[in-house]
Amino acid sequence: MNDTDQAAVRTEGAWKVFEHDGIAVEAVRDVTLRIGPGEFVVLAGPSGSGKTTLLNLLGGLTRPTRGRIWIDEVEITDLPERKIARIRLERLGFVFQAYNLLPVLTALENAEFSLLLRGVPAEERQQRVTALFERIGIGGLEDRRPGKLSGGQQQRVAVARAVVGQPALVLADEPTANLDSASSTELLDMMVELNEEFGTTFVFATHDAALMARARRLIRLVDGAIASDDTRR
Amino acid sequence: MERLRLLLRLALRNVRRQARRSLLTASAMVVGLALLILSRTLADGAHEQWIDSGVRLGSGHVTVQHPEFRARRSIERHVTAADREAAESALRDPHVAPLVRAVAPRIEAAALAVTPGSALPVAIIGIDPRAEPAFSEMEQRLTDGRFLEPGDRLHAFVGEALANRLQVELGHRVVLTAQTVDGAIGEQLVRLTGTFRTGIPEVDERLVFVPLATAQEWLGLGDAITSLGVLLDESWSVPNAARRLRTLMREREATAAVLTWREAMPELDAAVRMDDYGDYVFHIILFVIVALAIVNTVLMSVLYRTREFGVLQALGVRKRDGAALVVVESMILTGVSGVVGLVLGLGATWLFFRNGLDLSSLMGDQMTAAGTVIEAVFYPRFRLAQIGVSLAFVAAIGLLASLYPAYRATRIDIAEAMKFEA
Numbered sequence: 025m026n027d028t029d030q031a032a033v034r035t036e037g038a039w040k041v042f043e044h045d046g047i048a049v050e051a052v053r054d055v056t057l058r059i060g061p062g063e064f065v066v067l068a069g070p071s072g073s074g075k076t077t078l079l080n081l082l083g084g085l086t087r088p089t090r091g092r093i094w095i096d097e098v099e100i101t102d103l104p105e106r107k108i109a110r111i112r113l114e115r116l117g118f119v120f121q122a123y124n125l126l127p128v129l130t131a132l133e134n135a136e137f138s139l140l141l142r143g144v145p146a147e148e149r150q151q152r153v154t155a156l157f158e159r160i161g162i163g164g165l166e167d168r169r170p171g172k173l174s175g176g177q178q179q180r181v182a183v184a185r186a187v188v189g190q191p192a193l194v195l196a197d198e199p200t201a202n203l204d205s206a207s208s209t210e211l212l213d214m215m216v217e218l219n220e221e222f223g224t225t226f227v228f229a230t231h232d233a234a235l236m237a238r239a240r241r242l243i244r245l246v247d248g249a250i251a252s253d254d255t256r257r
Numbered sequence: 016m017e018r019l020r021l022l023l024r025l026a027l028r029n030v031r032r033q034a035r036r037s038l039l040t041a042s043a044m045v046v047g048l049a050l051l052i053l054s055r056t057l058a059d060g061a062h063e064q065w066i067d068s069g070v071r072l073g074s075g076h077v078t079v080q081h082p083e084f085r086a087r088r089s090i091e092r093h094v095t096a097a098d099r100e101a102a103e104s105a106l107r108d109p110h111v112a113p114l115v116r117a118v119a120p121r122i123e124a125a126a127l128a129v130t131p132g133s134a135l136p137v138a139i140i141g142i143d144p145r146a147e148p149a150f151s152e153m154e155q156r157l158t159d160g161r162f163l164e165p166g167d168r169l170h171a172f173v174g175e176a177l178a179n180r181l182q183v184e185l186g187h188r189v190v191l192t193a194q195t196v197d198g199a200i201g202e203q204l205v206r207l208t209g210t211f212r213t214g215i216p217e218v219d220e221r222l223v224f225v226p227l228a229t230a231q232e233w234l235g236l237g238d239a240i241t242s243l244g245v246l247l248d249e250s251w252s253v254p255n256a257a258r259r260l261r262t263l264m265r266e267r268e269a270t271a272a273v274l275t276w277r278e279a280m281p282e283l284d285a286a287v288r289m290d291d292y293g294d295y296v297f298h299i300i301l302f303v304i305v306a307l308a309i310v311n312t313v314l315m316s317v318l319y320r321t322r323e324f325g326v327l328q329a330l331g332v333r334k335r336d337g338a339a340l341v342v343v344e345s346m347i348l349t350g351v352s353g354v355v356g357l358v359l360g361l362g363a364t365w366l367f368f369r370n371g372l373d374l375s376s377l378m379g380d381q382m383t384a385a386g387t388v389i390e391a392v393f394y395p396r397f398r399l400a401q402i403g404v405s406l407a408f409v410a411a412i413g414l415l416a417s418l419y420p421a422y423r424a425t426r427i428d429i430a431e432a433m434k435f436e437a
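So the sequences go chain by chain: A and B.
The first sequence: position 169 = 193 (the numbering used here), numbered continuously.
The second sequence: position 239 = 254 (the numbering used here), numbered continuously.
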């Protein structure tokens, strides 16, 4: 396998079936997918189409009922939880709809969280986070707690937390859902720039039309299965 | 190290952030620890008073006797002059002497007291009038006349109840009859010099104190005695003192036994133990309630932060670190509560140091049980080791109570946690 064959994430016949009151619900059905480095991918579909569940499978947040999953060419399907935690720490970044910053930490402490867990020295952490904050327009907010930041600012801190460790893949679940349109546009511009400038791979789950319009690859899900997979130029 | 510091930082800030919940958890521990300290110091104080009274009325914290004297109560089983000398020399040992408050040689024998109006079985206690006041409380229990004094020869100090039963008053004569050490029957005439009242019927109705020299001569014991009572400054130094004395006695080839008050006075030992067990049951109930309160609030705190624990895991924090966060938060609360509870407990104890705990409305001025006089007012006793045990107990409760919530934190499903709304 050469570099061009290297996938940021890939799945092979992945299924996720939930049991609800004895009834099996197929949230993800037989998904085979390959997302390469530097891609800017949107998983789209109506509510209940399986976008978030597929995103969780790609991020190792939940295990597939059947099928196999690789992150950065490491198969995580049956990997012990502590090893998946290590992969999440070193190779993945997450952006959530509700920002999910840790309320007791400052913006800087939130953003440097994964670097700290990875043992990056304090000085380097601070330099990287400060530079990134300047780059994404939230310079000077380092010492603020999440409660003192607007929704847009919080989501930028969340993006900074996701990308500062230069992960192989950033997974974002409805990142613009709680933002007004102006903040949403600014956030998208920023993520496109990060994708183009640093080659960070982004995979979004959304039904935000604006985000879908910016996608270079749009994967549509219907009832947990891939209905279409279009790459745009 | 960075990971640990992060854990501590998160834990500290989480404790501060959930101030009301933290306060609730902490107050359960503070009250629990304060009550534990107060009840232990009061119980220790009460027990010390019981023991002090019991050993002063009896044979001391430690007593040197013939190995079979307790079982046979016969003066044939006496401490020889040589053994007595060995024991007195052992008591001068530099490891023992600082612990000793008083030493009293005694002779105990069964006798018959005869007066013109009555004849009753009595217990003779031959005492050294010089040594006895520092050892026993009998002089303070005087109701009439005087206590025995050095130089007394044919004098007796008896219980007021016994004097009444013998129909004698101060200055009256009493003939004491007992078996001497060689098996003969010996008689001794004494005059009543004083009476006492302890409140313990078996003491007030049976004991006749006579000078040691009189008893030795009357019973043919020479310089021998039946016991050498040793009063210590503190009852908790008894095991050490007894162990050392036994060693020293063995080194001096003495055959006399060294008994602690627990061995010599099993009724008093049982009373103290029973009271301790009652306290332990109270403490267990108290701390089960405290532990449940801690489990409840810490568990609620974990469940309330389900999403946060999910985020931590999503960011690469191991499940066991998430669990450690819960334990550290609980231990921080325990530590702070420990300090506050200690201050509160000692403060409450200090109030009782001044005036004592007065139970006279419940039991009158005093009551008797297990061969000792229990005063209605008792004072707390502060022991550093006991405080350490109390703190360790609370720390263990704090740790144990955090284990289940910590386990629950490891069971959080990340994907489900992301949907959680507090």
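Careful: at least some of the hints might be erroneous.
[As the list claims (entries may be wrong)] In silico lysine to aspartate or glutamate, DMTMM-like type, Cα no more than 20 Å apart, as pairs:
#: 1; chain 1: B; residue 1: Lys334; chain 2: B; residue 2: Asp428
#: 2; chain 1: A; residue 1: Lys172; chain 2: A; residue 2: Glu158
#: 3; chain 1: B; residue 1: Lys434; chain 2: A; residue 2: Asp102
#: 4; chain 1: B; residue 1: Lys334; chain 2: B; residue 2: Glu17
#: 5; chain 1: B; residue 1: Lys334; chain 2: A; residue 2: Glu148
#: 6; chain 1: B; residue 1: Lys434; chain 2: A; residue 2: Glu198
#: 7; chain 1: A; residue 1: Lys107; chain 2: A; residue 2: Glu97
#: 8; chain 1: B; residue 1: Lys334; chain 2: A; residue 2: Glu105
#: 9; chain 1: A; residue 1: Lys107; chain 2: A; residue 2: Asp96
#: 10; chain 1: B; residue 1: Lys334; chain 2: B; residue 2: Glu431
#: 11; chain 1: A; residue 1: Lys172; chain 2: A; residue 2: Asp204
#: 12; chain 1: B; residue 1: Lys434; chain 2: A; residue 2: Asp45
#: 13; chain 1: B; residue 1: Lys434; chain 2: A; residue 2: Asp96
#: 14; chain 1: A; residue 1: Lys107; chain 2: B; residue 2: Asp428
#: 15; chain 1: B; residue 1: Lys334; chain 2: A; residue 2: Glu198
No lab work stands behind these hints: they were computed from the structure.
The model shown is predicted, which means the values in this text are computed figures rather than measured ones.
Hints, one by one, checked against the model:
Proposed proximity of B/Lys334 and B/Asp428 is supported: the alpha carbons are some 10 Å apart, at most 20 Å. This hinted pair checks out: A/Lys172 and A/Glu158 have alpha carbons roughly 18 Å apart, not beyond 20 Å. Proximity of B/Lys434 to A/Asp102 is assessed by CA-CA distance (about 24 Å); at most 20 Å being required, the pair is judged violated. Taking the CA atoms of B/Lys334 and B/Glu17, the gap is about 17 Å. The hint holds against a cut of 20 Å.
For the proposed pair B/Lys334 and A/Glu148, the alpha carbon gap of about 27 Å is over 20 Å, so the pair is violated. Taking the CA atoms of B/Lys434 and A/Glu198, the gap is about 13 Å. The hint holds against a cut of 20 Å. For the hint pairing A/Lys107 with A/Glu97, the CA-to-CA distance comes to about 14 Å; that is within 20 Å, so the pair holds. Of the pairs offered as hints, the one joining B/Lys334 and A/Glu105 holds, with about 8 Å between alpha carbons and a cut-off of 20 Å not exceeded.
Distance restraint check for A/Lys107 and A/Asp96: the Cα-Cα separation of roughly 14 Å lies within the 20 Å cut-off, and the hinted pair is therefore satisfied. At most 20 Å may separate the alpha-carbon atoms for a hinted pair to count; B/Lys334 and B/Glu431 meet this at roughly 15 Å. Taking the CA atoms of A/Lys172 and A/Asp204, the gap is about 18 Å. The hint holds against a cut of 20 Å. Taking the CA atoms of B/Lys434 and A/Asp45, the gap is about 19 Å. The hint holds against a cut of 20 Å.
Using a Cα cut-off of 20 Å, the hinted pair B/Lys434 and A/Asp96 is violated, with the two alpha carbons roughly 27 Å apart. Restraint check for A/Lys107 and B/Asp428: satisfied, since their Cα atoms lie roughly 16 Å apart, inside the 20 Å limit. Distance restraint check for B/Lys334 and A/Glu198: the Cα-Cα separation of roughly 26 Å exceeds the 20 Å cut-off, and the hinted pair is therefore not satisfied.
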